[in-house]
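A.B. asks: Residue numbers (numbering that gives the first Met the number 0), protein chains in the order written: chain W, 0 to 126; chain Z, 0 to 283.
The hints are simulated quantities; they were obtained by calculation from the structure and are not laboratory data.
Just so we're clear, the structure is a prediction, and the values are computed from it rather than from any experiment.
Careful: at least some of the hints might be erroneous.
As the list claims (entries may be wrong) - Listed below are the simulated DMTMM-like cross-link pairs for lysine to aspartate or glutamate, each with C-alpha atoms no more than 20 Å apart in a straight line:
| id | chain 1 | residue 1 | chain 2 | residue 2 |
| --- | --- | --- | --- | --- |
| 1 | W | K23 | W | E90 |
| 2 | W | K23 | Z | E109 |
| 3 | Z | K237 | Z | E109 |
| 4 | W | K115 | Z | E149 |
| 5 | Z | K231 | W | E86 |
| 6 | Z | K237 | W | E86 |
| 7 | W | K115 | Z | E109 |
| 8 | W | K23 | W | D46 |
| 9 | W | K115 | Z | E110 |
| 10 | W | K23 | Z | E110 |
| 11 | Z | K236 | W | E90 |
| 12 | W | K26 | W | D72 |
| 13 | Z | K238 | Z | D129 |
| 14 | Z | K236 | W | D2 |
| 15 | W | K26 | W | D10 |
| 16 | Z | K131 | Z | E149 |
| 17 | Z | K131 | W | D38 |
| 18 | Z | K237 | W | D91 |
| 19 | Z | K238 | Z | E266 |
| 20 | W | K76 | W | D38 |
| 21 | W | K26 | Z | E268 |
Listed here are the chains, written in short residue letters.
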Amino acid sequence: MADPKILVVEDSPTMRQLIVFALKRLKGVTVVEANDGVDGLKKLSSDRFDLVMTDINMPVMDGLKLVSLIRNDATHKDTPIVVITTEGAQEDKDRALSLGANAFVTKPVQSANILKLAQELLKVEGA
Amino acid sequence: MEPHQVMSDEFKPPANKSELFSRAEEFLQAFRKGAEFTQELLKENERLRYKVAELETAASHHAAAGAGNIGALQRRIAELEQERATLLARFQQVEAENKEFASRYVEIEEENNNLANLYIASYQLHSTLDFKEVTQIIQEIILNLIGAEEFAIMLLDERSNVLAPVVQEGLEEGTLPTIQLGSGTIGTVAKVGEPFFYQGEIADHRSSPLNPLVCIPLKIKEHVIGVIVIYKLLQQKKKFANVDYELFTLLAGHAATAIFSSKLYSESERKLSTIQGFIDLLTK
Chain W
0 MADPKILVVE
10 DSPTMRQLIV
20 FALKRLKGVT
30 VVEANDGVDG
40 LKKLSSDRFD
50 LVMTDINMPV
60 MDGLKLVSLI
70 RNDATHKDTP
80 IVVITTEGAQ
90 EDKDRALSLG
100 ANAFVTKPVQ
110 SANILKLAQE
120 LLKVEGA
Chain Z
0 MEPHQVMSDE
10 FKPPANKSEL
20 FSRAEEFLQA
30 FRKGAEFTQE
40 LLKENERLRY
50 KVAELETAAS
60 HHAAAGAGNI
70 GALQRRIAEL
80 EQERATLLAR
90 FQQVEAENKE
100 FASRYVEIEE
110 ENNNLANLYI
120 ASYQLHSTLD
130 FKEVTQIIQE
140 IILNLIGAEE
150 FAIMLLDERS
160 NVLAPVVQEG
170 LEEGTLPTIQ
180 LGSGTIGTVA
190 KVGEPFFYQG
200 EIADHRSSPL
210 NPLVCIPLKI
220 KEHVIGVIVI
230 YKLLQQKKKF
240 ANVDYELFTL
250 LAGHAATAIF
260 SSKLYSESER
270 KLSTIQGFID
280 LLTK
């Protein structure tokens with residue numbers, strides 16, 4: 000994929016920076032950041048993205064609501080979504096997947112895992 | 000058929016002398032043909048003997064040549080066997096090197112991951128001078144990078160020597176008591192300045208406000224200003240990784256200076272505001 004664009008939706012600046020730091024190791028990637036679900040939707044409405052990575056627990060609009068809205072939007076219904084969750088319980092993962100997420104990452108997040116997932120979903124190589 | 004009848008059919012005695020000569024002549028001709036035939040047979044025999052001798056010589060030459068070829072082939076096989084053994088040994092060596100490289104790559108990736116976490120934690124801790132933001136960042140690091148579910152930050156009041164919680168996550172308000180310096184695990188960590196890690200299996204640990212899983216002193220050089228207390232990890236986090244201990248070390252120093260700097264900054268801001276107000280009063 001040529002110059003993929005990734006949207007990272009995460010309210011924690013520390014987590015956001017960690018994810019962005021990991022994703023920037025991918026060749027030619029552009030990472031756009033959003034603070035919450037509403038901000039994420041706003042950025043999705045004005046641009047094309049090849050991958051969305053979103054936290055679940057966020058103020059204003061949580062990640063599960065965002066996943067549901069993305070899947071019901073004709074423009075982005077096929078965009079791969081990775082959900083980042085604090086909970087490791089299987090039912091939470093199942094819920095995220097049933098709403099349309101393609102994969103999930105549980106905290107504490109390892110940048111290597113983020114990178115590997117993005118490579119798999121975007122079908123691109125690392126730096 | 001009767002024998003005497005054959006005799007009677009094939010042999011008839013010559014009737015006269017001329018017939019006798021004629022028969023003698025026939026006999027001589029037959030004899031000469033027989034002699035010629037015998038001569039031919041002898042020549043053919045000689046030719047065949049010569050041919051046999053030739054073939055025997057050729058066969059012996061071929062046998063000698065064949066033996067030479069077998070020897071050459073055996074030598075070639077031995078050479079190829081040796082070459083194969085060398086290549087096999089080289090292949091095994093390269094395979095072992097490959098495995099070592101793969102293992103080293105995993106180590107480097109892990110180290111890279113750890114450094115990324117440490118860099119981001121350090122960068123974030125010093126990104127603000129706002130006390131509330133600093134404590135928020137410490138919370139994020141403990142939750143997102145270490146993977147703790149229940150934890151608290153307690154600061155030491157140097158006048159009363161009491162540790163009091165300023166931030167708590169995953170715990171109900173009011174569950175954490177104030178702790179006297181030197182009292183219990185948490186008080187001892189604050190007094191001695193050495194971290195505490197529960198030594199048993201994390202799954203077996205039963206935490207309570209005075210029985211933490213981990214307690215890290217917040218130190219500026221040897222001066223302890225408070226502690227980070229972890230009571231419980233996220234359910235998917237089964238044990239501490241090497242990077243967690245490095246993050247604890249980083250938090251012990253960097254979080255302490257970040258908290259201290261932000262507190263000083265807040266106080267100086269407050270004092271500045273008071274002085275500014277006072278100057279405004281005097282100058283108006």
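A.B. asks: None of the hints should be skipped; say for each whether it holds.
C.D. replies: Hint-by-hint comparison with the structure:
1. Only pairs whose Cα atoms come within 20 Å are accepted, and W:K23 paired with W:E90 is rejected, the gap being roughly 31 Å.
2. At roughly 17 Å between alpha-carbon atoms, W:K23 and Z:E109 fall within 20 Å of each other, so this suggested pair holds.
3. Between Z:K237 and Z:E109 the alpha-carbon distance is near 18 Å, which keeps this suggested pair within the 20 Å criterion.
4. At most 20 Å may separate the alpha-carbon atoms for a hinted pair to count; W:K115 and Z:E149 exceed this at roughly 29 Å.
5. A hinted pair counts as satisfied when its Cα atoms are at most 20 Å apart, and Z:K231 with W:E86 qualifies at roughly 14 Å.
6. Straight-line distance between C-alpha atoms of Z:K237 and W:E86 comes to about 13 Å, which keeps the hinted pair within the 20 Å bound.
7. At roughly 13 Å between alpha-carbon atoms, W:K115 and Z:E109 fall within 20 Å of each other, so this suggested pair holds.
8. Among the hinted pairs, W:K23 with W:D46 is consistent with the structure: their alpha-carbon atoms are about 19 Å apart, no more than 20 Å.
9. Between W:K115 and Z:E110, the direct Cα distance comes to roughly 16 Å. Compliance with the 20 Å bound is thereby established for this hinted pair.
10. With a C-alpha separation of about 17 Å, the suggested pairing of W:K23 with Z:E110 holds against the 20 Å cut-off.
11. A threshold of 20 Å between alpha carbons decides the hint, and for Z:K236 with W:E90 the separation of about 17 Å falls inside it, so the pair holds.
12. For the hint pairing W:K26 with W:D72, the CA-to-CA distance comes to about 28 Å; that exceeds 20 Å, so the pair is violated.
13. For the proposed pair Z:K238 and Z:D129, the alpha carbon gap of about 33 Å is over 20 Å, so the pair is violated.
14. Under the criterion of a C-alpha separation no larger than 20 Å, the hint pairing Z:K236 with W:D2 is inconsistent with the structure, at around 35 Å.
15. Between the alpha carbons of W:K26 and W:D10 the distance comes to roughly 26 Å, so the proposed pair goes past 20 Å and is violated.
16. About 19 Å separates the Cα atoms of Z:K131 and Z:E149, which keeps this hinted pair within 20 Å; it holds.
17. Of the supplied pair hints, the one linking Z:K131 and W:D38 is violated, its CA atoms being roughly 24 Å apart against a limit of 20 Å.
18. Under the criterion of a C-alpha separation no larger than 20 Å, the hint pairing Z:K237 with W:D91 is consistent with the structure, at around 19 Å.
19. Between the alpha carbons of Z:K238 and Z:E266 the distance comes to roughly 40 Å, so the proposed pair goes past 20 Å and is violated.
20. With a C-alpha separation of about 18 Å, the suggested pair W:K76 and W:D38 falls inside the 20 Å cut-off, and the hint holds.
21. With a C-alpha separation of about 45 Å, the suggested pairing of W:K26 with Z:E268 is violated against the 20 Å cut-off.
Going through the hint list in order, the structure does not satisfy hints 1, 4, 12, 13, 14, 15, 17, 19, 21.
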